[in-house]
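Asks: So the chains spell out like this:
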Amino acid sequence: MDKVIEFLNMGGYALYVWGSFGMTALLMLAEPLLLRARHREILRRVARIARMNNEERT
Amino acid sequence: MNSRLINWFKFSSPASFYPLAGRMIPWFKWIAVILIAIGLYMSFFVAPADYKQGEGYRIIFIHVPASWMSMFIYVVMAVWSGTGLVFNTRLSSMMAQALAPTGALFAFLSLWTGAFWGKPMWGAWWVWDARLTSELILLFLYIGFMALQGAIDDPRRADRAGAILALVGVVNVPIIYYSVKWWNTLHQGASVKVGGGGSSMAATMLITMLIMALGFWAYSIATTLSRARCIILERERNSTWVRELVENRRG
Amino acid sequence: MLKVFFWIIRRDLLLAMRRRTDIFTTLFFFIIVVSLFPLGIGPELDILRKIAPGVVWVAALLASMLALERLFAVDYADGALEQMLLTPQPVSLLVIGKVFAHWLVTGAPLVVMAPLLGLQYDLSADALGVLLLSLLLGTPTLSLIGAIGAALTLGLRGGGVLVSLLVLPLYIPVLIFGAGAVEASASGLGAESHLSMLGAILLASLLLAPIATAAALRVSVE
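Residue numbers (this note's numbering), protein chains in the order written: chain Z, 1 to 58; chain Y, 59 to 309; chain X, 310 to 531.
Just chain Z, same shape as in the assembly (with noise of 0.2 Å):
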């Protein structure tokens, strides 16, 4: 137990170390979760519009 928060101290760097993993973390994992979010939000719009055309023309 000690070990780890000897190991979350960093040495009294704590606050400027995770300040920066953590920032990076955070964007690292954002960016690829708001393209999924994109991709899919493109693919329903293609679909519904689709759908859309399709009943007009039955």
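Everything hinted at is true.
With a straight-line cut-off of 20 Å between C-alpha atoms, the simulated SDA-like cross-links for lysine to any residue are:
hint, chain 1, residue 1, chain 2, residue 2
1, Y, Lys177, Y, Asp187
2, Z, Lys3, Y, Met100
3, Z, Lys3, Y, Phe102
4, X, Lys312, X, Gln392
Just so you know, these hints were derived from the structure itself, not from any lab.
Using the hints, position chains Y and X against chain Z.
Replies: Using the frame of chain Z, we list chains Y and X on its own:
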């Protein structure tokens, strides 16, 4: 309209690139995950604490790779832009457009981690150091590129205007860098000595940084490809192959 | 070819003379911005003398950027630009002509006015001379680089704000060497090296910027 029909059968056509990119993304994703995991392990448990900066120096393992990537991506973006401009291939311009946000992300991360490193080392969140300043300007260039493309509705014009801007930027980057560096040495305050000691850097540190940089590189490729896929779908949403793709997906 | 070049300059100057208020807006913007700084900072002459080069140069940067919008906009709106692109003359030559006329109308007044504003900041006579010279070498570069941005944003909504995003980062070297020249001469070091750098940048942008501007115009007008 005519050029679109001709492009259709080229290998580099968006229609054939879309599934290809889809197959490549998982590979790069896993390479990125594995390399970054190894890099993180090494940067916290293998690399020894610095004798002067203690544990605080560990920020270097993301700061330096992020800076490298931000500059590298700008050059790659300019190369794609140039190809798009010369050969009039739509895919190259789309790649350039897809690269910009990831490059801006790394430029921002480089600034952010630089600030978090600078605070304990130099006692200030922001120092007008030559490298930090040039990185800030690089971020501005990325933002300008994205803003210009966002403001133009016609995709063809957006591609080509963005390409010209990227090329102008890439010619200017060295000039800006050297003028800022020179400005900085002239105005150098009492004791701001940045990083330095490149040659005395321990081998483990260098290897860790390289692994992280490779991980970031794979990450950039994966995100760029998936953004390129989004851009392709958005631009080609009225074409037959996208229709078919959507219908097949729903089975 | 040269005939066309001079013809373009004469035409643009004539057009500018018919709309004289435009010239004065840029000039007064420059004067007002420079005069506002002491009000924000305080009247201590020691500080003012120190910040003068930076303030005057940043104000010149902003003023010449504001003027950019008018560089191609009028010709674009009435279709003259399209005609010019169709002529057999090299477009970059037309661009140089237009930029030069534009600089005469918007840049040169700033250069002439700057020493007067420098007096507000208690600059020495030597420093004033260097300021004049640095602006003389630097502002044409600003117009040349700015022309690329103006051409790229032609006819876009919110073009004015966009231009500043595109162009200001590219202005940085000019700002550094321009303000640096005045500072160097004020602190007793020679300003020659700065001024020759400014000259080099001017020559380089004279060669390259018109080509980029011409390409951008073709993209925008098409």
